[in-house]
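J.: One letter stands for each residue in the lines below.
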Amino acid sequence: MSGAKLRVEHLTAYYGDHPGVKDISLEFPDRMVTAIIGPSGCGKSTFIRCLNRMHETAPRTRVEGKVLLDGEDIYQEDPVRIRRRIGMVFQKPNPFVTMSIYNNVSVALRFNGHHPRDYVDAAVLRSLQQAALWEEVKDRIDSPATSLSGGQQQRLCIARALAASPEVLLMDEPCSALDPIATAKIEDLVGHLKDDYTVVIVTHNLQQAARVADYTAFFYLGGLVEYGPTEDLFERPKEHLTESYITGRFG
Amino acid sequence: MDPSTPSPPSSPGPSSDSRKVSRWPDRIFFVVVTIVGLGILAMAFAIVGILANSSRESFRVFGWGFLYGTIWDPNKQIFGVIPFVVGTLLTSGIALLIALPLALGSAIFITTQAPRYLRGPVGTAIELLAAVPSVIYGFWGLFVIVPYMRTTVDPFLRTWFGFTGLFTGPAYGFGVLTASVVLAVMIVPTICAVSRDSLLAVPVAQQEAAVSLGATNWETTRTAMLPYARSGIVGGTILGLGRALGETMAVTMVIGNVDRIPTSLFSPGQTIASLIANELLSSTGPLQTSAILECGLVLLGISLGVNVAARLLVWRITKSAGAIVT
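Just so you know, the sequences run in chain order A and B. Sequential numbering of the first sequence, starting at 2, is according to my numbering. Sequential numbering of the second sequence, starting at 73, is according to my numbering.
Think of the hints as simulated: they come from the structure by calculation, not from any bench. Please note that the accuracy of each hint is not assured.
To be verified - On the chain A side, residues computed to face chain B include the following (Cβ under 7 Å):
{"#": "1", "residue": "T58"}
{"#": "2", "residue": "P60"}
{"#": "3", "residue": "V81"}
{"#": "4", "residue": "R84"}
{"#": "5", "residue": "R85"}
{"#": "6", "residue": "T99"}
{"#": "7", "residue": "S107"}
{"#": "8", "residue": "L110"}
{"#": "9", "residue": "F112"}
Glycine included, each C-beta is placed from N, C-alpha and C at the ideal position.
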């Protein structure tokens with residue numbers, strides 16, 4: 002295992018008085034894909050939203066514990082700065098509906114300060130290429146983002162996240178609203194993204210985790226049950242609960 | 073017939089008799105709704121018709137000249153609408169300039185910045201302000217705003233902005249600027265309430281998209297919320313402008329009621345609505361009455377024009393973005 006990019010220590014996240022996830026400790030290795038699996042309601046989305054401080058934007062929420070990015074606790078930093086270093090892709094594609102394809106990507110750069118036009122152009126091109134969307138949109142870059150299909154919109158959201166040049170990319174069930182072909186494209190893309198980014202992907206699709214992830218963590222009832230290299234977790238699970246879940250006995 | 077294409081049953085099956093439903097409720101429903109709908113349409117036409125009919129005398133004497141006549145003099149029986157068109161557009165325009173930033177600012181405050189326990193109460197308070205009768209605003213304008221303008225605001229403007237030429241002449245406190253201020257206060261709740269509703273309707277996913285990119289509060293509001301809510305905000309603004317254009321009581325109480333084109337923002341003036349309130353019942357004769365009603369027709373035209381322009385504006389911004397219409 003290479004060094005840990007992101008290290009979680011005793012993280013507990015509350016909704017009101019109810020802990021959505023309890024006492025999680027976990028490491029995300031640099032430039033690897035880590036999948037988080039588990040049945041609905043096990044806290045995997047809550048957990049991933051703690052990694053870029055999105056959890057606390059909802060009313061009556063609270064986080065305890067540490068999340069260390071390169072050794073610095075993100076809960077001691079300015080959340081705006083942290084979110085520029087840790088990007089996120091959501092369950093449902095959420096492009097800015099009032100903006101063109103181009104502006105959806107360039108807006109991420111505008112949040113990071115003013116840049117010359119040709120710099121922005123280059124960054125938009127690079128991000129769209131990285132998200133494997135450029136070929137499909139290069140002739141209609143100024144069309145509304147809403148004119149794209151669901152799968153294209155999700156790749157646009159990935160491009161938008163990449164344009165902010167994050168170090169970590171969080172993906173919260175990025176394929177759950179997509180058809181199988183669009184899903185395959187995103188999975189393929191995730192395989193390439195790990196060359197440059199540390200990727201954390203939440204999925205309820207076990208095959209997806211097996212296909213894209215180097216490491217996998219299994220969550221159940223708000224707790225971490227098992228964590229290890231994907232192959233080990235799927236082929237030689239240490240915990241009985243993990244085995245029951247991956248063999249489809251519940252979930 | 074091709075056997076593969078199913079033919080529709082030519083007669084209802086035997087079971088349909090037992091399930092037959094009466095068509096009467098639908099017929100009654102149709103007739104009632106049609107009468108109500110057409111009745112409202114007829115009423116709108118009737119209003120325009122009556123106004124037009126009553127203005128015949130004025131139109132016969134002044135023709136189209138009435139629409140650009142700058143003099144309104146009952147002693148000489150000369151009547152032109154321009155002083156009141158200027159008064160109406162000027163007061164409403166200035167009111168909008170004052171009210172829009174205030175209303176939008178408080179709508180943004182309530183939806184994004186205020187502590188959660190304040191959002192409900194402040195929102196409700198603003199909605200209550202929209203329900204205050206206009207005569208109360210007029211009252212307040214008369215006893216609070218007029219003296220305050222005379223002693224404090226007008227001298228200040230004259231000293232520092234006199235060079236613009238907008239703030240000249242004697243400042244009695246009664247006048248165009250005072251009317252604009254009272255109107256602004258009256259339309260802030262309207263614009264704010266509608267803007268707040270459309271900002272609240274912005275999906276959380278749109279806000280999270282911006283927040284997760286490292287947007288600050290202001291950047292999130294500017295890129296994710298305001299553009300999404302803009303058609304609602306424009307709608308609320310037009311609603312407020314409509315209220316300002318037609319507002320009668322409060323304006324009549326503070327504008328000074330002088331039938332001349334205002335020469336400065338301190339000048340007393342008259343809007344079409346305040347003219348009707350002031351002079352219709354004390355008219356000097358049939359020609360003046362007819363002219364006053366023709367002014368009413370012009371006001372109707374202005375309101376209609378503003379609404380059509382607003383529709384076009386909303387239609388254009390939503391079309392250019394190819395986006396949802398909220």
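J.: It remains to establish, for every hint, whether it holds in the given structure.
T.: Against the structure, the hints:
1. With a least beta-carbon distance of about 6 Å to chain B, the hint placing T58 (chain A) at the interface is held under the 7 Å criterion.
2. With its C-beta approaching chain B no nearer than about 6 Å, P60 (chain A) sits inside the 7 Å limit, and its interface hint holds.
3. Checking V81 (chain A) against chain B by beta carbon gives a least distance of about 5 Å; that is within 7 Å, so the hint holds.
4. Here the hint on R84 (chain A) is kept, as its CB sits about 4 Å from the closest CB of chain B, short of 7 Å.
5. Of the supplied interface hints, the one on R85 (chain A) holds, with its beta-carbon coming within about 3 Å of a beta-carbon of chain B, less than 7 Å.
6. Taken as an interface hint, T99 (chain A) checks out: its beta carbon lies about 4 Å from the nearest beta carbon of chain B, inside 7 Å.
7. Checking S107 (chain A) against chain B: minimum C-beta separation of about 11 Å lies over 7 Å; hint violated.
8. Residue-level restraint check for L110 (chain A) is violated (minimum Cβ-Cβ distance to chain B is 10 Å; threshold 7 Å).
9. Residue-level restraint check for F112 (chain A) holds (minimum Cβ-Cβ distance to chain B is 5 Å; threshold 7 Å).
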